[in-house]
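Residue numbers (this note's numbering), protein chains in the order written: chain A, 48 to 377; chain B, 48 to 377.
No lab work stands behind these hints: they were computed from the structure. None of these values were measured; they are calculated from a predicted model. There could be a bad hint or two in this list.
Remember, identical chains collapse to one label, so a pair may be satisfied in a single copy or spanning two.
To be verified - For lysine to any residue, the following SDA-like pairs were computed, each having C-alpha atoms within a straight-line distance of at most 25 Å:
1) Lys109 <-> Val65
2) Lys53 <-> Gly139
3) Lys109 <-> Arg59
4) Lys312 <-> Thr95
5) Lys192 <-> Gln231
6) Lys329 <-> Asp111
7) Lys255 <-> Phe328
8) Lys90 <-> His249
9) Lys312 <-> Asn233
10) Lys312 <-> Tyr238
11) Lys187 <-> Asn92
12) Lys123 <-> Ile349
13) Lys284 <-> Arg77
14) Lys192 <-> Arg70
15) Lys69 <-> Asp254
16) Lys53 <-> Glu226
17) Lys312 <-> Pro292
18) Lys169 <-> His179
19) Lys186 <-> Thr95
20) Lys186 <-> Asn285
21) Lys81 <-> Ser289
22) Lys255 <-> His223
23) Lys90 <-> Gly114
24) Lys82 <-> Pro292
25) Lys329 <-> Arg241
26) Lys348 <-> Ile360
27) Lys53 <-> Ile349
28) Lys329 <-> Ile377
Number of protein chains: 2
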Amino acid sequence: MPELRKDPISGRWVIISVERGKRPSDFGMRVSPKKGGFCAFCKGNEHTTPPEILAFRNNGEKPDTEGWTLRVVANKFPALNVEGKLDRVGEGIFDKMNGVGAHEVVIECPDHSLTLSTMPLKSVEDALWAFHQRITDLKKDSRFKYVLVFKNEGDQAGASLEHSHSQLIALPIVPHLVEEELFQANQYYKYKERCIFCDIIHQEQGDKTRVISENDDFITIAPFAPRSPFETMILPKNHESSFLPDGNFTLLAEILQRTLQQMDKVLHMPPYNLMIHTSPFKNEINDYYHWHIEIIPKLTKIAGFEWGSGFYINPTPPEEAAEFLREAEI
Amino acid sequence: MPELRKDPISGRWVIISVERGKRPSDFGMRVSPKKGGFCAFCKGNEHTTPPEILAFRNNGEKPDTEGWTLRVVANKFPALNVEGKLDRVGEGIFDKMNGVGAHEVVIECPDHSLTLSTMPLKSVEDALWAFHQRITDLKKDSRFKYVLVFKNEGDQAGASLEHSHSQLIALPIVPHLVEEELFQANQYYKYKERCIFCDIIHQEQGDKTRVISENDDFITIAPFAPRSPFETMILPKNHESSFLPDGNFTLLAEILQRTLQQMDKVLHMPPYNLMIHTSPFKNEINDYYHWHIEIIPKLTKIAGFEWGSGFYINPTPPEEAAEFLREAEI
């Protein structure tokens, strides 16, 4: 009998095939081998990207030249425009506003051949620092309510360039999925006076079947009701409502890279999407929401059932996925 | 400047690139040519599927033999099990229940080479009849709250078999996306005392830029805030809360097939997902919800931004998509 499970954070139900779960070898999706050729993100081609917004390089070096270890530039083909007013307006029954927002790219490392799981740990830590610095800066712009940090690895996961990079999109509205999580977390807090994420961490640490790894400050789990096989979630163990106010990036980089290495080992370098969810600017420090990273390997297709229902069919129980990932020798 | 548009039915925002919209030729996705080979859905192989639940065939013919024009059978690999009790239960903070539901396949036509857009119109009409009959039957089972009808065309859209077929999944819970639409429609009704869908139809008929086609009873539009390029929606012009209580399937079949033919012509047979949204069994006849068909051609990838935000980036304004589809000579 399959199981219907409800994700307590989003309120979303998923169908889990608990009986004959699909094993890692049942999924054929791999990141395509890198083709190489000209790459605007490689060192030496700094002049072909928009100018640096932020870069980690030795003091005194000129911007947009070689010598950097990390660069942040504006997206050359932004989804939203950074200039302009919102101009919220109705069109009869409909609502619209100008597509105002920032869209930036974080080039995590100059080496074309590396990924978040193979680059030096220092580069992963630097990327987290860069996210934090850019969010802090974009927050000053009163038009923006939220910054979504995400990463697409592999063309099947939507990456249009193969050189490893992450993206930030500053938005004039709080994303729908974040609003849903905030709503559920708030309801739970009103009832229990506890953070739902803290309670989940407590339960998972006792149960152990869905825990993948832990260090002093962070824990990686397979969520109870994952949308996708081998979906994982990284959370700070202590309550923190927004993305690292105290900036402990060393331990976060360590568990993030370890999680990606475990996934690469078990699933042979699957394409994936990674997203950071954090409290919106407006109520950044609160008792009910808990920032986290979600990682979804791209192994199944979104089809009519998912488009029509908002439910997901997941052929691998998270308990089995967690066991595979936990036992991966990296 | 891109535009942020809000879909008034789901409450979801999308980013529309209104300046340099992607044209049909910019999308490379096509349905793969059919490979043929053994097919359980072809005539002569009736014994290889689960037994017929419903079939359209001449009186007196034996079930599960040749001679049918349409067959409905249980899905051999169902997402949910039809036997069993729900057994809702908690697991600490989490909620789960048995995966009880029905999962059926509608084989719309015996000919392996045809699709909904190329099969005889009578077959399309029969498929709609079959949906209606199966929903009416499944409704009698008190465990079920909703039946989602959907179709995946092409392997890129999630079809695992190439012989044209639709699917029905009876669910013990109302799908999340339907709940969202019901909520928004209800809010609107409380405020305006009118159906939001009726108001949208009225505005679109006046505006005309997003209308694709019409007949006496139905209208096809490109929604104001579509998730995907060339997304379309078919609605009954008069208020009807649930899937065709008076059963006018001829005109529905006609506009559905025409819409798919226009899409095939403009986008060269794209893979697509089709879903029917209707009021749940519990409050089937009401003044605020309006059943409809959604068709999403599979032209873009769902990536980190969409997974993380629940927003969509749509590179083709619906006004341009509607013009292409409207002017397609079929």
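Hints, one by one, checked against the model:
no. : hint              : in the structure
1   : Lys109 <-> Val65  : neither (57 Å within a copy, 37 Å between copies)
2   : Lys53 <-> Gly139  : between (37 Å within a copy, 12 Å between copies)
3   : Lys109 <-> Arg59  : neither (49 Å within a copy, 44 Å between copies)
4   : Lys312 <-> Thr95  : neither (35 Å within a copy, 39 Å between copies)
5   : Lys192 <-> Gln231 : both (19 Å within a copy, 23 Å between copies)
6   : Lys329 <-> Asp111 : neither (34 Å within a copy, 62 Å between copies)
7   : Lys255 <-> Phe328 : neither (34 Å within a copy, 40 Å between copies)
8   : Lys90 <-> His249  : neither (45 Å within a copy, 56 Å between copies)
9   : Lys312 <-> Asn233 : neither (37 Å within a copy, 49 Å between copies)
10  : Lys312 <-> Tyr238 : neither (41 Å within a copy, 55 Å between copies)
11  : Lys187 <-> Asn92  : neither (31 Å within a copy, 66 Å between copies)
12  : Lys123 <-> Ile349 : between (29 Å within a copy, 20 Å between copies)
13  : Lys284 <-> Arg77  : neither (32 Å within a copy, 46 Å between copies)
14  : Lys192 <-> Arg70  : neither (41 Å within a copy, 32 Å between copies)
15  : Lys69 <-> Asp254  : within (23 Å within a copy, 50 Å between copies)
16  : Lys53 <-> Glu226  : both (17 Å within a copy, 15 Å between copies)
17  : Lys312 <-> Pro292 : neither (32 Å within a copy, 54 Å between copies)
18  : Lys169 <-> His179 : within (15 Å within a copy, 60 Å between copies)
19  : Lys186 <-> Thr95  : neither (28 Å within a copy, 61 Å between copies)
20  : Lys186 <-> Asn285 : within (24 Å within a copy, 47 Å between copies)
21  : Lys81 <-> Ser289  : neither (35 Å within a copy, 50 Å between copies)
22  : Lys255 <-> His223 : neither (31 Å within a copy, 29 Å between copies)
23  : Lys90 <-> Gly114  : within (8 Å within a copy, 67 Å between copies)
24  : Lys82 <-> Pro292  : neither (39 Å within a copy, 56 Å between copies)
25  : Lys329 <-> Arg241 : within (21 Å within a copy, 34 Å between copies)
26  : Lys348 <-> Ile360 : both (10 Å within a copy, 19 Å between copies)
27  : Lys53 <-> Ile349  : both (19 Å within a copy, 23 Å between copies)
28  : Lys329 <-> Ile377 : neither (40 Å within a copy, 52 Å between copies)
Against the hints set out earlier in the document, violations occur for numbers 1, 3, 4, 6, 7, 8, 9, 10, 11, 13, 14, 17, 19, 21, 22, 24 and 28.
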